[in-house]
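A.B. asks: Could you build all of it, start to finish, from the sequences and the hints given here?
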Amino acid sequence: MSFAGKVAIVTGASKGIGRATAERLAADGASVVINYLSDSKAADEVVSKIGAERALAVQADASKIPDIEKLVAATVERFGRIDIVMPNAGVMSMHDLAHTTEADFDRLFHLNVKGPLFLVQKAVPHMRPGGRVVFVSTGLNTSTGVTPAYLLYVATKGAVDQMVRVLSKDLGVRGINVNAVAPGPTGTELFYHGKSEQLLEMLRNKWVSGQILRANGANMV
Numbered sequence: 031m032s033f034a035g036k037v038a039i040v041t042g043a044s045k046g047i048g049r050a051t052a053e054r055l056a057a058d059g060a061s062v063v064i065n066y067l068s069d070s071k072a073a074d075e076v077v078s079k080i081g082a083e084r085a086l087a088v089q090a091d092a093s094k095i096p097d098i099e100k101l102v103a104a105t106v107e108r109f110g111r112i113d114i115v116m117p118n119a120g121v122m123s124m125h126d127l128a129h130t131t132e133a134d135f136d137r138l139f140h141l142n143v144k145g146p147l148f149l150v151q152k153a154v155p156h157m158r159p160g161g162r163v164v165f166v167s168t169g170l171n172t173s174t175g176v177t178p179a180y181l182l183y184v185a186t187k188g189a190v191d192q193m194v195r196v197l198s199k200d201l202g203v204r205g206i207n208v209n210a211v212a213p214g215p216t217g218t219e220l221f222y223h224g225k226s227e228q229l230l231e232m233l234r235n236k237w238v239s240g241q242i243l244r245a246n247g248a249n250m251v
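According to the numbering used here, the sequence shown is numbered sequentially starting from 31.
One or more hints might be untrue.
[Said to hold, decoys possible] The calculated lysine-lysine pairs, modelled on DSS-like cross-linking and capped at a C-alpha distance of 30 angstroms, are:
1) K152 with K71
2) K100 with K36
3) K94 with K144
4) K199 with K100
5) K71 with K94
6) K94 with K199
7) K152 with K199
8) K71 with K144
9) K45 with K100
10) K100 with K71
11) K79 with K94
12) K45 with K152
13) K100 with K152
14) K144 with K100
15) K79 with K45
16) K36 with K71
17) K152 with K36
18) K144 with K199
19) K100 with K79
20) K144 with K36
21) K94 with K152
22) K79 with K152
23) K94 with K45
Calculated directly from the structure, the hints in this document are not laboratory data. Here the structure is a predicted model, which is why all the values come from computation and not from measurement.
C.D. replies: Below you can see the structure in the form of C-alpha cells.
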C-alpha cells in the first residue's frame, strides 16, 4: 500500500511497535512525526533512518494535553496536514487487585486512555476525508485465559476498544476511518518489563494467533 504524500503521527515511536510502524509507514511513502518521551537518541536514530526530509522527532508526554497540543502543532507547522494518527504510546503494570494502587490506576489510564482520546480530538480538525486513526488495543481482551496481574492494563484497552466503536461512527461522517490493532505477545521492552524468565518461556510456548480486525464500514459496531 502506498502512503506517498501522507503525514502520520505515531506516539511512542522511538522503539518497539511504534518504531516499527513509523519505519514501515515511511517505507510506504509517508512523512512521519516520531513522538518520544525521553529517549531523544533513539528518536533521532529513527529520523536518520527515514531521512530528515520526511521525518520529525517531537518530544511530548502523550498523557498530557498541553504536550499533545504541542505535538499536533509541530506536525502541522512542519508538514501542513495530518492523515494518519496512531496513538501507540502505552504503559503496563503487573499487579492484581490487592496490589493495585491509585498511582498505578492514574498512570495507566492517563497514558493508555486519556492520551489517545485527546490526541485524536486535537488532530481531527487538521484531517481530511480519507484520514485514518489506528488505536493499539491488545489480544488479551479476547483471550480465553484471564491473568489477574493484567487487571488495569486490560481495563484501559477495553476502554480503547469502546472508543473505536464510538469514534468510527462519530468520525465516519467526516470520512475518517477508525480502527484498532490488537496484537498478541510482542517482543518489546514494555512486554518484557517485570516478567520472569519462567513466564516468558511459557509465553513463547503458548503463542497467541488468530487476531481479527473487523472491516465492516462501522455498520455493525
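A.B. asks: Hint by hint, say whether it matches the structure.
C.D. replies: Hints and how they fare:
Of the supplied pair hints, the one linking K152 and K71 holds, its CA atoms being roughly 27 angstroms apart against a limit of 30 angstroms. Taking the CA atoms of K100 and K36, the gap is near 20 angstroms; set against the 30 angstroms cutoff, the hint holds. Only pairs whose Cα atoms come within 30 angstroms are accepted, and K94 paired with K144 is accepted, the gap being roughly 8 angstroms. A hinted pair counts as satisfied when its Cα atoms are at most 30 angstroms apart, and K199 with K100 qualifies at roughly 27 angstroms.
Annotation: proposed proximity of K71 to K94 holds, straight-line Cα distance about 22 angstroms (limit 30 angstroms). This hinted pair checks out: K94 and K199 have alpha carbons roughly 26 angstroms apart, not beyond 30 angstroms. Between K152 and K199 the CA atoms are separated by roughly 18 angstroms; this keeps the pair inside 30 angstroms, and the hint holds. At most 30 angstroms may separate the alpha-carbon atoms for a hinted pair to count; K71 and K144 meet this at roughly 27 angstroms.
Between K45 and K100 the CA atoms are separated by roughly 21 angstroms; this keeps the pair inside 30 angstroms, and the hint holds. For the hint linking K100 to K71, the alpha-carbon distance of about 20 angstroms falls within 30 angstroms, and the restraint holds. At most 30 angstroms may separate the alpha-carbon atoms for a hinted pair to count; K79 and K94 meet this at roughly 28 angstroms. Between K45 and K152, the direct Cα distance comes to roughly 24 angstroms. Compliance with the 30 angstroms bound is thereby established for this hinted pair.
Annotation: proposed proximity of K100 to K152 holds, straight-line Cα distance about 10 angstroms (limit 30 angstroms). The straight-line distance between the Cα atoms of K144 and K100 is roughly 16 angstroms, inside the 30 angstroms bound, and the hint therefore holds. Note on K79 and K45: the hinted pairing holds, with a Cα-Cα distance of about 13 angstroms set against a maximum of 30 angstroms. Annotation: proposed proximity of K36 to K71 holds, straight-line Cα distance about 25 angstroms (limit 30 angstroms).
At most 30 angstroms may separate the alpha-carbon atoms for a hinted pair to count; K152 and K36 meet this at roughly 18 angstroms. Restraint check for K144 and K199: satisfied, since their Cα atoms lie roughly 19 angstroms apart, inside the 30 angstroms limit. Distance hint between K100 and K79 is fulfilled; the C-alpha atoms sit about 24 angstroms from each other, no more than 30 angstroms. Between K144 and K36 the CA atoms are separated by roughly 26 angstroms; this keeps the pair inside 30 angstroms, and the hint holds.
Of the pairs offered as hints, the one joining K94 and K152 holds, with about 12 angstroms between alpha carbons and a cut-off of 30 angstroms not exceeded. Restraint check for K79 and K152: satisfied, since their Cα atoms lie roughly 28 angstroms apart, inside the 30 angstroms limit. Taking the CA atoms of K94 and K45, the gap is about 20 angstroms. The hint holds against a cut of 30 angstroms.
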